[in-house]
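Peer 1: Spelled out, the chains give:
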Amino acid sequence: MLSSIFLKTLRDRRRSLLFWGVCFVLIAVMVVSLYPLIESFSAIQEYMELFPEEFLALFTGGMNDFTSPEGYLHSELFFLIFPLLILVFAIGFGSNAVAGEEEQGTLDLLLSNPIPRWRLVLEKFVAMVFSIMLLTLLFWGTLAISGHVVDMGLSLARLAAVCFSAALLGVTFGAVALAVGCARGRRGLSMSTAGALVGYSYLLNTMAPLIDWLEPFQILSPFYYYIGADPLTNGLNGTHVAVLVGLTTVFVAVAIASFWKRDLAV
Amino acid sequence: MDNNAIIHTSGLTKYYGKQRGMVDVSLDVRRGEVFGYLGPNGAGKTTTIRTLLNLIRPTRGIATIFGMDIQRKGLEVRRHTGYLPGELKLYDNLTGAEMLRYLGHLSGGVDWARVENLATRLDCDLLPPIRSLSHGNRQKIGLIQAFMNTPDLLILDEPTIGLDPLMQQEFYRLVSETKGQGRTVFLSSHIMPEVERICDRVAIIREGRLVTVEDIDNLKARSIRRLEIHFAGPVSQEKFTEISGVKDVSVHDSVLTCTVVGELDALVKAASQARVVNIISHEPSLEEIFLDYYNEEESIAE
Numbered sequence: 000m001l002s003s004i005f006l007k008t009l010r011d012r013r014r015s016l017l018f019w020g021v022c023f024v025l026i027a028v029m030v031v032s033l034y035p036l037i038e039s040f041s042a043i044q045e046y047m048e049l050f051p052e053e054f055l056a057l058f059t060g061g062m063n064d065f066t067s068p069e070g071y072l073h074s075e076l077f078f079l080i081f082p083l084l085i086l087v088f089a090i091g092f093g094s095n096a097v098a099g100e101e102e103q104g105t106l107d108l109l110l111s112n113p114i115p116r117w118r119l120v121l122e123k124f125v126a127m128v129f130s131i132m133l134l135t136l137l138f139w140g141t142l143a144i145s146g147h148v149v150d151m152g153l154s155l156a157r158l159a160a161v162c163f164s165a166a167l168l169g170v171t172f173g174a175v176a177l178a179v180g181c182a183r184g185r186r187g188l189s190m191s192t193a194g195a196l197v198g199y200s201y202l203l204n205t206m207a208p209l210i211d212w213l214e215p216f217q218i219l220s221p222f223y224y225y226i227g228a229d230p231l232t233n234g235l236n237g238t239h240v241a242v243l244v245g246l247t248t249v250f251v252a253v254a255i256a257s258f259w260k261r262d263l264a265v
Numbered sequence: 000m001d002n003n004a005i006i007h008t009s010g011l012t013k014y015y016g017k018q019r020g021m022v023d024v025s026l027d028v029r030r031g032e033v034f035g036y037l038g039p040n041g042a043g044k045t046t047t048i049r050t051l052l053n054l055i056r057p058t059r060g061i062a063t064i065f066g067m068d069i070q071r072k073g074l075e076v077r078r079h080t081g082y083l084p085g086e087l088k089l090y091d092n093l094t095g096a097e098m099l100r101y102l103g104h105l106s107g108g109v110d111w112a113r114v115e116n117l118a119t120r121l122d123c124d125l126l127p128p129i130r131s132l133s134h135g136n137r138q139k140i141g142l143i144q145a146f147m148n149t150p151d152l153l154i155l156d157e158p159t160i161g162l163d164p165l166m167q168q169e170f171y172r173l174v175s176e177t178k179g180q181g182r183t184v185f186l187s188s189h190i191m192p193e194v195e196r197i198c199d200r201v202a203i204i205r206e207g208r209l210v211t212v213e214d215i216d217n218l219k220a221r222s223i224r225r226l227e228i229h230f231a232g233p234v235s236q237e238k239f240t241e242i243s244g245v246k247d248v249s250v251h252d253s254v255l256t257c258t259v260v261g262e263l264d265a266l267v268k269a270a271s272q273a274r275v276v277n278i279i280s281h282e283p284s285l286e287e288i289f290l291d292y293y294n295e296e297e298s299i300a301e
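These protein sequence lines are chains A and B, in that order.
Residue numbering for the first sequence follows numbering that gives the first Met the number 0, starting at 0 and increasing by one per position.
Residue numbering for the second sequence follows numbering that gives the first Met the number 0, starting at 0 and increasing by one per position.
Hints are supplied without guarantee of correctness; some may be wrong.
Stated by the list, open to error - In silico BS3-like cross-links for lysine-lysine, where the CA-CA straight-line distance does not exceed 25 Å:
(1) A:K260 - B:K72
(2) B:K246 - A:K260
(3) B:K268 - B:K246
(4) A:K260 - B:K88
Unchecked claim - Just so you have them, the derived chain A footprint on chain B, three or more residues with Cβ under 8 Å:
(5) 77-83
(6) 92-100
Simulated from the structure, these hints should not be mistaken for laboratory data.
Beta carbons: idealized from backbone N, C-alpha and C, even for Gly.
Construct all of the structure, not just a fragment, from the sequences and the given hints.
Peer 2: Right, here's the structure in full:
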């Protein structure tokens with residue numbers, strides 16, 4: 000586990016990965032096992048309709064079909080909880096990747112080896128993507144199995160589509176954190192910048208449909224490309240995937256370019 | 000530029016914003032020599048070293064190692080260079096062995112027998128986690144990783160800090176073996192006796208600028224020492240004041256204090272005519288060495 004920066008990075012994260020893995024399994028099992036209750040309790044739909052549209056838009060993702068399997072999972076998991084947790088993990092990873100080593104002071108020794116700086120950034124990035132995908136796969140698997148147990152009748156491919164989209168959103172903001180960390184070498188700054196961007200993006204995506212003048216700006220929010228085309232119902236939207244991949248590529252390029260010529264802190 | 004130069008710098012300058020790191024540092028380090036880089040803390044030694052390793056970028060000036068530009072061919076340069084950082088930070092969550100294996104992989108493979116040999120010589124236990132190690136033991140791991148690939152050039156920033164005297168001796172032996180194999184060592188220090196002991200040549204840096212680059216023998220010839228000689232009985236001051244190279248003579252009862260430049264021979268012979276109880280030598284501080292240089296520069300200017 001110590002033969003490359005990629006593997007060493009995963010090794011350093013092994014406890015964190017275990018913790019997050021358990022966390023995702025528990026959440027998936029919990030939410031799915033509540034579904035039979037919701038489904039049988041049709042009054043909840045009428046109850047939900049009492050809420051103003053704006054309220055539902057903010058807290059359930061505007062899903063008005065709350066008792067269907069897709070509607071339930073969308074409002075309970077995919078609209079907020081799952082992407083939020085993935086984002087916390089991704090930003091933590093991304094900000095720690097290079098800036099963490101720099102703050103710890105181990106970067107001097109690491110880069111005195113015959114390793115180009117771009118390779119350090121890239122290996123750290125790949126380790127981040129790998130970890131996010133691993134956790135997402137685990138989450139998807141748990142949902143698929145527990146969904147089967149309670150007979151939700153989910154399409155595994157559609158479920159995979161929304162999980163993958165969330166992972167992609169995580170990778171995008173993880174890359175933002177990585178870029179800020181590479182440019183400035185401060186973990187705190189990197190985390191707060193990426194975190195603030197997540198906040199704005201989330202609000203922009205949820206508020207835009209409710210406010211006329213804001214609506215044209217919804218396409219600026221990465222959240223829109225995650226959930227806007229409702230991949231749980233419609234499968235992956237190629238354009239939206241391409242936008243998130245494109246954004247990520249830009250951020251990784253910025254990370255490498257800004258790290259390239261910079262003086263490393265002692 | 001010296002054809003045999005392993006390290007060559009010319010007008011190398013680094014400013015951190017407006018704060019100076021080093022200014023116009025020009026020097027050549029020859030193949031197979033032990034080159035000392037001497038200066039007080041904050042003089043710019045670490046700045047020079049980190050620039051050579053391409054960890055920070057010079058504001059202006061050029062530097063080559065093995066004849067290759069340190070920025071454009073940095074990768075190739077680092078492939079043949081061992082480095083000990085001045086503020087050594089290791090991976091606390093790894094053991095010494097794990098850390099060295101990791102660095103070994105990154106540098107393209109290491110001969111593990113060599114690592115074990117170094118660990119034995121430096122009396123360094125590689126099995127406990129690094130977080131539990133003392134400062135001296137961490138320094139040993141730093142030294143092992145610098146030496147383990149038998150690089151052509153070693154750049155060591157304050158290598159003996161934290162080592163106990165016995166390990167310092169072992170380190171000096173390592174350095175002289177390295178030199179014996181025709182490899183080159185560039186080391187920084189703020190301790191004059193250490194540099195005198197292991198270096199062939201020395202550059203003195205002060206407030207970011209090179210004061211001088213000299214053969215160690217020249218430096219020793221002009222080195223100043225404060226001596227205190229305790230005699231069995233009272234002695235007279237006169238016969239000591241006449242000795243060339245001996246200054247600031249004062250005698251109180253049976254104790255003589257003076258400053259000596261260069262060799263001690265004449266003074267010792269003069270002193271031996273009375274019964275000597277003790278001789279105490281105070282090594283000059285770096286500031287005194289600088290003062291010596293500045294006085295000389297001034298006298299030349301006049």
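Peer 1: Each hint: holds or not?
Peer 2: Status of the hints after comparison with the structure:
A threshold of 25 Å between alpha carbons decides the hint, and for K260 (chain A) with K72 (chain B) the separation of about 14 Å falls inside it, so the pair holds. For the hint linking K246 (chain B) to K260 (chain A), the alpha-carbon distance of about 53 Å lies beyond 25 Å, and the restraint is violated. About 16 Å separates the Cα atoms of K268 (chain B) and K246 (chain B), which keeps this hinted pair within 25 Å; it holds. Taken as a hint, the K260 (chain A) and K88 (chain B) pair is honoured in the structure, with Cα atoms around 22 Å apart against an allowance of 25 Å.
Counting residues of the stretch 77-83 of chain B whose CB lies closer than 8 Å to any CB of chain A gives 4, so the stated coverage by that chain holds, three being the minimum. With 4 residues bearing a CB less than 8 Å from a CB of chain A, the stretch 92-100 of chain B meets the requirement of three and the coverage assertion stands.
Checked against the numbered hints given earlier, the structure breaks only hint 2 and satisfies all the rest.
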